[in-house]
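K.L.:
Using the hints, put the two chains back together into the complex; each one sits in its own frame.
For reference, the chains in residue letters:
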Amino acid sequence: MIVTGASSSATTSVDLATEAYSTATGELLWSDRYDGPGHATDNPYAVKVVGDRVYVTGNTEGQGTRFDMSTFAYDLATGKRLWVQRYDGASHYDDTSWGLAVTPDGSKVVITGTSQDTDAGTDYVTIAYDAASGKQVWLGRYDGLVGSADRAHALRSNQFRGAPAIRSGQPASSAW
Amino acid sequence: MIAVTPDGATVIVSGQSPGTAENGYSDWGTVAYDAKTGEQKWVNRHDGPAHGFDIPSAMAIPVTVSR
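The listed protein sequences derive, respectively, from chains R and P.
Numbers in the working numbering are just positions in the first sequence, counted from 1, shifted up by 279.
Numbers in the working numbering are just positions in the second sequence, counted from 1, shifted up by 1133.
Note that these hints are calculated values from the structure, not bench results.
In this text the structure is predicted, and so the values were computed from the model without any measurement.
A couple of the hints might just be wrong.
Unchecked claim - Simulated pairs of lysine-lysine, BS3-like, Cα-Cα distance not exceeding 30 Å:
(1) R:K327 with R:K387
(2) R:K414 with P:K1174
(3) P:K1174 with R:K327
For reference, chain P alone in the conformation it holds in the complex (with noise of 0.2 Å):
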């Protein structure tokens, strides 16, 4: 998945992501870029209570709101 926040300044990619447990299933990973660069500016992932397959579907940037 990706998207780009509205002011054009961020990349935004998620997709499943190998967690470090020794099962070795996924978690969610999402990765933001500086547009104009390419930096990358963060990554945040989710690893469900059971560290099993975690696995994102959709995602979606607010409009208006920047944070």
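So that you can see chain R by itself, here it is in the shape it has in the complex (with noise of 0.2 Å):
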């Protein structure tokens, strides 16, 4: 099983960390930290386990970029990091990823949070990653109404009847 939160480190402020615990034994299998480029606070705020691979989001600290949205992709046998994707918004604001999903064929990783670009509040980003490569396949960014605080905090994908379809926001439906 996978465990993944913030864990204090002597020289880099927080880091963020993932391990892997054997679900008979408790034993520790491997163990991940990341220090954001910034050295400060940084904290994940979702996991995922699909097949052989496990997937974090949350942020973590940029270097003169505040918060970016940060999405890893780990072996799930090994904790080998296979890849790593910051997203920093155009003004360098906080952006902060708070929402994981899977897409039911198992090819793309979807990430949603906050983003700030202006001083005029945030936006929703929703980002698609190819679970592979860990490159970006396309871009979500919802202003709302008004220039004003838009938050997107959950995320799932939907496989009934086969057709993929992809929601983010607050509250999440509970419909879904």
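P.N.:
Right under this line is the structure:
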């Protein structure tokens, strides 16, 4: 099983740590620590295990870019980091990733969160990454009806009737 | 946080648990129970190198892997 969280560091403030334990014995199988370029507070918010991959998303501090949305793919068996992607909005304000889903075919990892590009407030930002390579496939930005705080908090992919659909926003609909 | 293994045999919970260091800051504390009897099966704690505030955010249990 996988647990991800914030872990205090003696030299780099707080790092994003991800660990695998044996569900049978609790034995630590692997542990990975990620320190963002800004060496400040790095904190995950969501984890999913799909097949032989572990996907984590959260926010980590960039160098002069405040929090950036940060997404990681690990090999489930070894904990090896397969790819890391960071998203920094144009204004280099706080960009925080809250939710993560994997499409039913396993081909895309989609994250959603809040990104501030202007002083007017935040937008939802939703990004799909290629699960194999980590390459960005698409990015959606939703500014809402007024220039204010739009915050996407949760995300789930839907495979009803084989038609993938993705919804993000706050609050999550109970129908999902 | 709470989750059940796909075979229904184990319940796993995780959260913040104060450490033994004098500062009393928190560690990750993860505890597994036998789903049928409630017997505690194992505990795993994560205390970061600085022994500061260590706070778990999320957990997931693989569907196909049982170790």
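K.L.:
Next, verify each hint and record whether it holds.
P.N.:
A quick look at each hint next to the structure:
Distance check on the hinted pair: R:K327 and R:K387 sit about 13 Å apart at the alpha-carbon level, within 30 Å; holds. Straight-line distance between C-alpha atoms of R:K414 and P:K1174 comes to about 41 Å, which puts the hinted pair past the 30 Å bound. Taking the CA atoms of P:K1174 and R:K327, the gap is near 24 Å; set against the 30 Å cutoff, the hint holds.
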